[in-house]
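Q: Construct all of the structure, not just a fragment, from the sequences and the given hints.
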Amino acid sequence: MSIKEIFASMDYGKAPESTAMAEQWYAARDNKLLHFAGGQWQQPASGEFFETRDPATGAVLAQVADGAQEDTDRAVAAASKAAPGWAALSGHQRARYLYAIARQVQKHSRLFAVLESLDNGKPIRESRDIDIPLVARHFYYHAGWAQVRDRELPGFQPLGVVGQIIPWNFPLLMASWKVAPALAMGNTVVLKPAEFTSSTAVLLAEICAEVGLPAGVFNLLLGDGKAGQALVAHPEVKKIAFTGSTEVGRILRKATAGTGKKLTLELGGKSPFIVYEDADLDSVVEGLVDAIWFNQGQVCCAGSRLLVQESVAATLLEKVKVRMAKLVVGDSLDKGIDMGAVVDPVQLQTITDLVRLGAQEGGEVWQPDCKLPENGCFYPPTLITDVQPASTLAQEEIFGPVLVAMTFRTPAEAVALANNSRYGLAASVWTENINLALDVAPKLKAGSVWINCTNAFDAAAGFGGYRESGFGREGGREGLYEYLKADWETALHAQAVYPLSGASPTEKQSTAVSIDRTAKLYIGGRQVRPDGGYSLQAYDAAGRVVAEYPKGARKDIRDAVEAACKAEGWTLTTAHNRAQVLYFIAENLEARGAEFTRRIAQLSGKDEAGAGAELALCIERIYTYAAMTDKYDSQVHSTPFRNVTLAMKEALGVIGIVAPPEAGLLGLLSTIMPAIAMGNRVVVVPSQQYALLATDFYQVLDTSDLPGGVINIITGDQQELTAELAGHYDIEGLWYWGTAEGSQLVETEAAATMKRTWVNYGRFHDWEDSQQGEGEVFLRKATEIKNIWIPYGE
Amino acid sequence: MTNVLTLRQPGASKDRGLERNPGMEYTPELFAGLRINRSAVERRAGTIARRRSIKKDHQTAWLLKALSCIDLTTLAGDDTPGKVKRLCRKARQPVRKDILAGLGVADLNIHTGAVCVYHNLIEVAVSELEGSGIPVAAVSTGFPAGQIPLKMKLAQIHASVAAGAKEIDIVISRAKVLTGDWKGLYEEVKAYREACGDAHIKTILATGELATLTNVAKASWVCMMAGADFIKTSTGKESVNATLPFSLVMVRAIREYHHLTGYKVGYKPAGGISKAKDAIAYLVLIKEELGNDWLGPHLFRFGASSLLGDIERQLEHRLTGKYSAQYRHPMS
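Chains as they are written, first to last, in this note's numbering: chain D, 1 to 794; chain Y, 795 to 1126.
Just so you know, the hints here were simulated from the structure itself, not pulled from any lab data. A portion of the hints provided could be inaccurate.
What the hints assert, rightly or not - Dumping the calculated BS3-like pairs for lysine-lysine here, alpha-carbon to alpha-carbon at most 25 angstroms:
1. Lys849(Y) to Lys326(D)
2. Lys945(Y) to Lys335(D)
3. Lys849(Y) to Lys14(D)
4. Lys335(D) to Lys850(Y)
5. Lys849(Y) to Lys1069(Y)
Unchecked claim - Label-pair ranges, simulated between beta-carbon atoms:
6. Ser90(D) to Arg1122(Y): 57 to 65 angstroms
7. Ser1068(Y) to Arg110(D): 22 to 30 angstroms
8. Met1125(Y) to Glu51(D): 55 to 63 angstroms
9. Ala359(D) to Ala1005(Y): 46 to 54 angstroms
10. Gln24(D) to Lys1116(Y): 25 to 33 angstroms
11. Gly1115(Y) to Arg110(D): 16 to 24 angstroms
To be verified - Non-contacting residues of chain D with respect to chain Y, defined by C-beta distances greater than 12 angstroms in every case (computed):
12. Ser2
13. Met10
14. Tyr12
15. Phe156
16. Thr315
17. Asp334
18. Leu348
19. Thr350
20. Ala359
21. Glu361
22. Glu364
23. Ala456
24. Ala594
25. Met648
26. Thr753
27. Glu794
The C-beta atom is built at its ideal place from N, Cα and C for all residues, glycine as well.
A: Here it is, written out as structure tokens:
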């Protein structure tokens, strides 16, 4: 086209980014990407390689080492060997390395960006303007945490070797989200990139070598699921951090269950994008472009579910269509495109199939008349209207450039629709009414809530999900705990600190003992008989039957969970009000001190002084958590643009608690008090030996203004009831103190709904110890952090 | 408050081609509920140009387009007939002939969109531009602050039109915006429009003095309702002049007005646009938000004085492959 013709047509033309340097980079490596372990490039043990391709053209970019068991062993061994030395460095020394990595990423930013777009298919504009700058930011930010870890996070230590498995949609960005905090906290890393996208991880390894990072601190394991599985199963790996599909997340949850490996999962989503009628609709349209037509919609937190108020639905959808018609789909390396190629033909087929299904189920599919390149994996921007909650596409993640739209009538209905999902990764809320925005944000089940913006990320703010979108946070202070363990955790005991009485009844037991009152279950603030109609015998320390207590079962757990779910008012009330109730409980417990002291002595065999001391400690503990209700504050993160990023600590909701069997009233209160202080409602299964203390305790609750359903007490066989709690889908968290097998069961069952679990792997707390028995970790486990991004400016 | 968007009917009104915007009844419900989210607007404005990359021949053609949309302007206390003559000759022949020939665009007869002067210099400009097809625009109504009586403002418009100005760049009363007197603003602009007669009216909002983007959007609506042919950001004399966020808000108002009435209102960012790269960013914004129909001097102008010089250097660079120098290009 001549200049004159262009002057008339005002077309954009093509603006290809040069790939020459990237091609040289591949060529200089013989077009082979190798493992990196112990500071050395390593051939695959099997000698096998697989191809990695440019999805925009189908061209083969390189051969990738196909990792398996032996490669994994080598990488983990290198990381293991390097771990003590790395952990022993000062924070400042580690900070210098991370800072150097950040600098190198910036210095080679264009090579990183071009490699990323070639390998993944994303537009060069995105890798250049979004991915790579954020990568550098993550290393800078965490260099800072390395520097100040000892001062800011005293009493913690690194985990050792960390295995990290990342997806193909943001290859280098996900690597940085995982590697930077792990190294900053003093761990060594084995990183397993996705098989489609290994290139930038190899360049990252080169940079680590260039800056002189000690051998074995960062190791790269290439390959597919085999390598990942071997990494997950490796006994030397102390933690697995995974980003990817919920399906694989479940497998990992089960595979690591009971092993004591820490686990964080950042999984799929079907994130709502809520538009109220007073929103700036033109800005909403651009928000949608950034939400679902960013990275071809291959974004775990993509705003893929548009919920728009009926009054503006027609207008908004018309505007969206006009905007969609302007989106340019083209070669990933063209600087003038909006959307590039999807990652692989398999993914293209999945998207195609799901859209077809959406149409079959009554959705109205709309695509602009948009030119797609003839070859390569391209899919047009797509809008599907007339989708209902019952539609498959309203529930299932598509992971492509496909927006589904639904309408709502009221603010409350928008929240209900938004939360009508198994996922809970992110949500976007558009309104010019701050009252509405700040009312809605806390009600959404989502780890990130973006007010009048979308897909905002930063190293200083935690990112992660609720429900089946996984657990754990990446970024911010909250993300650091995922790579640390408390010193006291290593000091937990292999043997019970308070030995169980053994409780084999002495001979010649008869039912002739005096049973002075009937212990019951405590559900919804009422004393109820167990559904099954069975009772168990309670023994004193000498093994004599002293009373009977109800044998709760499956249906009692069901009723208790229902009651707990209904008691939402407790979560919504002010921290001050909760504190008042906790203090009142302490007051009433003390008023009945003599009775409880006798019971403690009777069941534990402690003398009166010992029993009295336990009661005193119980009251002190309640005071601690009453105090903390309004002091475990949320945080405002310093993210680098004009907004307030609220890292809001929220109650999980309903937590199941299997109290420590060996610890009596102190074990019970040490576990339930932090949970309810933070606004959770609990279903607690008390120690069997000390069941009568729990059934005595509900009488204290009855006189303490505690709303019904906040604490529900189900006595019975702890093992059996643990299984019921673990299998219940409407419990957000489950804390378990019991056996190693029980811990494994809890973690395995949690895979179904991605419950937050906290288990002891058969080890024992010293509940009198101020570290093991109470503290910040109890509050942290009782809460989840939601980051709410609120840009401002008029 | 009712939002304009809730009144909006699906489907656009019939397009009126290049008919002049006649204005409409004062209808406050069309803009009263408007809310502009500044952060979101800034985000779009900050990324819009990075989404499109215009290189080589395309860049050349786009720069020529930008050039053809310039209101080549001098608005200084020391303007003289001599200075204005020089400016007018530059408007007629903005780029060295050898460069245009070398680029193969000699027969495009490129000239600037208009010449923009104070009232006292209209006549000399009109006479210098005779036969060129280049209109003379005059700033008016007590430009730049507009703090003179309405009667005098109207008299100034009449005088400028009589002197041969084909375009009148009026300034709105910022006080009417800041005090929420939208009806008063409407009546004022409507009176200007009538005073302009056949001359086209560009309404300068002085966006840098309107406090909020929401005010900018509302003022845009009121001016269009009152019959503006163009809405324009700034006088060039405010501390903040044309910006991409202001522009985004204004062109979205134009788009919505077109959707509602079928009439196309033009857009003129003015003040502070001096780089070829910035000019391209504005053209991209217009193309993306309004469409190709607006990409020409009939509906888009730059109010600029030094932009032309940078475009000339870029054009020579395209031709020779060497970075150019300012002295190689005739001054205005």
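Q: For every hint, state whether the structure bears it out.
A: Now the hints, each set against the structure:
{"no.": "1", "hint": "Lys849(Y) to Lys326(D)", "result": "holds (19 angstroms)"}
{"no.": "2", "hint": "Lys945(Y) to Lys335(D)", "result": "violated (53 angstroms)"}
{"no.": "3", "hint": "Lys849(Y) to Lys14(D)", "result": "holds (8 angstroms)"}
{"no.": "4", "hint": "Lys335(D) to Lys850(Y)", "result": "holds (13 angstroms)"}
{"no.": "5", "hint": "Lys849(Y) to Lys1069(Y)", "result": "holds (16 angstroms)"}
{"no.": "6", "hint": "Ser90(D) to Arg1122(Y): 57 to 65 angstroms", "result": "holds (59 angstroms)"}
{"no.": "7", "hint": "Ser1068(Y) to Arg110(D): 22 to 30 angstroms", "result": "holds (28 angstroms)"}
{"no.": "8", "hint": "Met1125(Y) to Glu51(D): 55 to 63 angstroms", "result": "holds (60 angstroms)"}
{"no.": "9", "hint": "Ala359(D) to Ala1005(Y): 46 to 54 angstroms", "result": "holds (49 angstroms)"}
{"no.": "10", "hint": "Gln24(D) to Lys1116(Y): 25 to 33 angstroms", "result": "holds (28 angstroms)"}
{"no.": "11", "hint": "Gly1115(Y) to Arg110(D): 16 to 24 angstroms", "result": "holds (23 angstroms)"}
{"no.": "12", "hint": "Ser2", "result": "violated (6 angstroms)"}
{"no.": "13", "hint": "Met10", "result": "violated (5 angstroms)"}
{"no.": "14", "hint": "Tyr12", "result": "violated (6 angstroms)"}
{"no.": "15", "hint": "Phe156", "result": "holds (37 angstroms)"}
{"no.": "16", "hint": "Thr315", "result": "violated (5 angstroms)"}
{"no.": "17", "hint": "Asp334", "result": "violated (8 angstroms)"}
{"no.": "18", "hint": "Leu348", "result": "holds (23 angstroms)"}
{"no.": "19", "hint": "Thr350", "result": "holds (27 angstroms)"}
{"no.": "20", "hint": "Ala359", "result": "holds (22 angstroms)"}
{"no.": "21", "hint": "Glu361", "result": "holds (25 angstroms)"}
{"no.": "22", "hint": "Glu364", "result": "holds (15 angstroms)"}
{"no.": "23", "hint": "Ala456", "result": "violated (10 angstroms)"}
{"no.": "24", "hint": "Ala594", "result": "holds (62 angstroms)"}
{"no.": "25", "hint": "Met648", "result": "holds (20 angstroms)"}
{"no.": "26", "hint": "Thr753", "result": "holds (35 angstroms)"}
{"no.": "27", "hint": "Glu794", "result": "violated (5 angstroms)"}
Hints 2, 12, 13, 14, 16, 17, 23 and 27 from the earlier list are contradicted by this structure; the remaining hints agree with it.
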